[in-house]
Amino acid sequence: MIKQDYSSLLIRILSILSPLSILILWEVMARVHIIDTRLLSSPSLILHAFIPLLLSGELLYNTAVSVQRVLWGFLAGSAPGIVLGIGMGLSPLIRSAFEPMIAATYPIPKLALMPLILLVFGLGETSKIFTIAIGVFYLVVINTMAGVLSIDKIYLDVAQNFGANRKNFYLTVALPGALPMIFAGLKLGMGMALILIVAAELSAAKAGVGWMIWRAYDMFAIEQMFIALITLSFLGYLFSLLLDALENWVLPWKKQV
Amino acid sequence: MAYEKESISVTNLSKIFHTTSGEITALQDISLSIGEGEFFCIVGPSGCGKTTLLRILAGLDSSSGGTISLKTTNVDRPINSMVFQEQSIFPWMTVIDNVSYGLRMRNIPKKERYEIANHYIEMIGLSKFTHAYPSQLSGGMKQRVSVARAFANDPEILLMDEPFGALDEQNRILLQHELLRIWEEARKTTVFITHSIDEALCLGDRIMVMSANPGMIKTIITNDLPRPRKISEIRTSLQYNQLFQSIWQILRDEVTNSKANSSTEEKSNY
Ligand SMILES: Nc1ncnc2c1ncn2[C@@H]1O[C@H](COP(=O)(O)OP(=O)(O)O)[C@@H](O)[C@H]1O
Ligand SMILES: [Mg+2]
Numbered sequence: 001m002i003k004q005d006y007s008s009l010l011i012r013i014l015s016i017l018s019p020l021s022i023l024i025l026w027e028v029m030a031r032v033h034i035i036d037t038r039l040l041s042s043p044s045l046i047l048h049a050f051i052p053l054l055l056s057g058e059l060l061y062n063t064a065v066s067v068q069r070v071l072w073g074f075l076a077g078s079a080p081g082i083v084l085g086i087g088m089g090l091s092p093l094i095r096s097a098f099e100p101m102i103a104a105t106y107p108i109p110k111l112a113l114m115p116l117i118l119l120v121f122g123l124g125e126t127s128k129i130f131t132i133a134i135g136v137f138y139l140v141v142i143n144t145m146a147g148v149l150s151i152d153k154i155y156l157d158v159a160q161n162f163g164a165n166r167k168n169f170y171l172t173v174a175l176p177g178a179l180p181m182i183f184a185g186l187k188l189g190m191g192m193a194l195i196l197i198v199a200a201e202l203s204a205a206k207a208g209v210g211w212m213i214w215r216a217y218d219m220f221a222i223e224q225m226f227i228a229l230i231t232l233s234f235l236g237y238l239f240s241l242l243l244d245a246l247e248n249w250v251l252p253w254k255k256q257v
Numbered sequence: 001m002a003y004e005k006e007s008i009s010v011t012n013l014s015k016i017f018h019t020t021s022g023e024i025t026a027l028q029d030i031s032l033s034i035g036e037g038e039f040f041c042i043v044g045p046s047g048c049g050k051t052t053l054l055r056i057l058a059g060l061d062s063s064s065g066g067t068i069s070l071k072t073t074n075v076d077r078p079i080n081s082m083v084f085q086e087q088s089i090f091p092w093m094t095v096i097d098n099v100s101y102g103l104r105m106r107n108i109p110k111k112e113r114y115e116i117a118n119h120y121i122e123m124i125g126l127s128k129f130t131h132a133y134p135s136q137l138s139g140g141m142k143q144r145v146s147v148a149r150a151f152a153n154d155p156e157i158l159l160m161d162e163p164f165g166a167l168d169e170q171n172r173i174l175l176q177h178e179l180l181r182i183w184e185e186a187r188k189t190t191v192f193i194t195h196s197i198d199e200a201l202c203l204g205d206r207i208m209v210m211s212a213n214p215g216m217i218k219t220i221i222t223n224d225l226p227r228p229r230k231i232s233e234i235r236t237s238l239q240y241n242q243l244f245q246s247i248w249q250i251l252r253d254e255v256t257n258s259k260a261n262s263s264t265e266e267k268s269n270y
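As they're listed, the protein sequences go chains E and C.
In this text, residue positions in the first sequence follow UniProt numbering: the first is 1, and each later residue adds one.
In this text, residue positions in the second sequence follow UniProt numbering: the first is 1, and each later residue adds one.
With the rest of the complex left out, here is chain E (with noise of 0.2 Å):
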């Protein structure tokens, strides 16, 4: 017992210590001109530029417009993706009609839809949300029917035996099924979405933590860039840690294993 309490306190003390140390060599080598200030700044510099950056509220503007875009386009490409998914698992005619046309667009880098989405969608916020609505939907579509297909057939013997109408085949047991597998899909999308909300800033955005990005790019502010790409950092684990708990709050039968 204080063998393992001790290697976890270990353990603890090393995930803050490195991260730590990587910070005070940076702003060392920094001091001492190792590396170029300009180009990759320092962590006293760095700071220096948030605080302004805080206070005057652009950085939580520009924050909030992103937070916005990637939750549509989350919630775009999910919702849909949930929904065929499942029906792909459960309906081979869906899947034969789906599958082939989702597997050969899908390897497509969605980066190379942009100027298309653009035609189309014009300049909007439209046009981004639905960029990463496209990605967020490949990831969850292939992954909810993957679930939906790896429901053990035994599941669908005990709801036809025991009168499952259509709609309590979907509630008790297609759905809850495939939630593990829906949430790897969630989570592989949340990812694809923080990705995909910077390369959908880069064009025609006024706002948004991309467009700080592609701004500080064109100014030359090295500190601005790396606020924003902290920021993004941020954003990814916030994320994470959402999903997880919602995970834990609608898969319960799964974290007690």
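If you're looking for bench data, these hints aren't it; they were derived computationally from the structure.
Remember, it's a predicted structure, so these values are computed and weren't measured experimentally.
It is possible that some hints are incorrect.
[Stated by the list, open to error] Which stretches of chain E does chain C cover? Using the computed rule of at least three CB atoms under 8 Å from a CB of chain C, they are:
#1 145-158
#2 163-173
[Claimed, not checked] Only pairs whose alpha carbons sit at most 25 Å apart, straight line, appear in this in silico PhoX-like list of lysine-lysine:
#3 Lys142(C) - Lys110(C)
#4 Lys153(E) - Lys167(E)
#5 Lys254(E) - Lys230(C)
#6 Lys71(C) - Lys142(C)
#7 Lys254(E) - Lys187(E)
#8 Lys153(E) - Lys142(C)
#9 Lys111(C) - Lys142(C)
#10 Lys142(C) - Lys254(E)
#11 Lys230(C) - Lys188(C)
#12 Lys167(E) - Lys254(E)
#13 Lys5(C) - Lys110(C)
#14 Lys110(C) - Lys167(E)
#15 Lys254(E) - Lys153(E)
#16 Lys128(C) - Lys167(E)
[To be verified] In silico negatives: residues of chain E with every beta carbon more than 12 Å from chain C:
#17 Ser7
#18 Trp26
#19 Ala49
#20 Leu75
#21 Val250
Note that the Cβ used here is the ideal one computed from N, Cα and C, for glycine as well.
Mind docking chain C with the ligands on chain E? Use the hints.
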């Protein structure tokens, strides 16, 4: 038979599975009639088609030939509920939600179905686990939940596929007692598959012995050990031992035959 009404009737039933390695005749020319309220046991070597027969009776598989019919007397009750051989309770539902599943499918209000479920959970001795998820249960406990789920559904016909096979001795005897008690009260038509001759003799009115490759009826034995039966007592009776011997003889021949068959098959494969 001594039964007034017929509950299950099967005529010339056959089932052929088409697999990549050829055709398997799982059932061939099965004809039988099970009376209303009868406790009907099926024994036979593994692979002789017991599960297939039960699944066809439950409407989960189609037959390749012949007819079956299950009589209904009460439209409010489900025709049959099955206790599956393998692990079959939903991992994503608590014990009580699993046990009350059939009642929920029949739109019985939550309060009422939980009351019924609680009764059966107590019967299987899992009251402490009422709101636990199956991942916290042992294999035998899960099987007991599956039994309770079928009982709680109160069907006209109980179909049980080696329901106590995975249980330890004490729990098996306890549940055999409970099953007998419930059956003697409600006289539900019950088709019960087991690999234990002893279990078949303790429970059944008749015992059907099956042979494998193809799955056929070898014989049907009437088990007239007096009821109500006390599982602890009947084993000592002469009648029990005679019946045991005669079933064992048939089964032993069957098992050695199928062994011999499969070993010649193996040889011919080389
Ligand atoms: N879905 C299936 N597809 C192909 N063969 C099957 C299938 N189900 C059962 N069988 C075959 O049918 C025979 C009878 O199986 P089963 O009814 O499970 O036997 P038992 O329950 O008596 O052990 C076996 O040879 C088995 O391999
Ligand atoms: Mg079987």
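Against the structure, the hints come out as follows:
no.: 1; hint: 145-158; verdict: holds (count 4)
no.: 2; hint: 163-173; verdict: holds (count 6)
no.: 3; hint: Lys142(C) - Lys110(C); verdict: holds (22 Å)
no.: 4; hint: Lys153(E) - Lys167(E); verdict: holds (18 Å)
no.: 5; hint: Lys254(E) - Lys230(C); verdict: violated (42 Å)
no.: 6; hint: Lys71(C) - Lys142(C); verdict: violated (31 Å)
no.: 7; hint: Lys254(E) - Lys187(E); verdict: holds (16 Å)
no.: 8; hint: Lys153(E) - Lys142(C); verdict: holds (17 Å)
no.: 9; hint: Lys111(C) - Lys142(C); verdict: holds (23 Å)
no.: 10; hint: Lys142(C) - Lys254(E); verdict: holds (16 Å)
no.: 11; hint: Lys230(C) - Lys188(C); verdict: holds (19 Å)
no.: 12; hint: Lys167(E) - Lys254(E); verdict: holds (24 Å)
no.: 13; hint: Lys5(C) - Lys110(C); verdict: violated (35 Å)
no.: 14; hint: Lys110(C) - Lys167(E); verdict: holds (18 Å)
no.: 15; hint: Lys254(E) - Lys153(E); verdict: holds (19 Å)
no.: 16; hint: Lys128(C) - Lys167(E); verdict: violated (32 Å)
no.: 17; hint: Ser7; verdict: holds (27 Å)
no.: 18; hint: Trp26; verdict: holds (45 Å)
no.: 19; hint: Ala49; verdict: holds (49 Å)
no.: 20; hint: Leu75; verdict: holds (24 Å)
no.: 21; hint: Val250; verdict: violated (10 Å)
When held up to the earlier numbered hints, the structure conflicts with 5, 6, 13, 16, 21 and fits the remainder.
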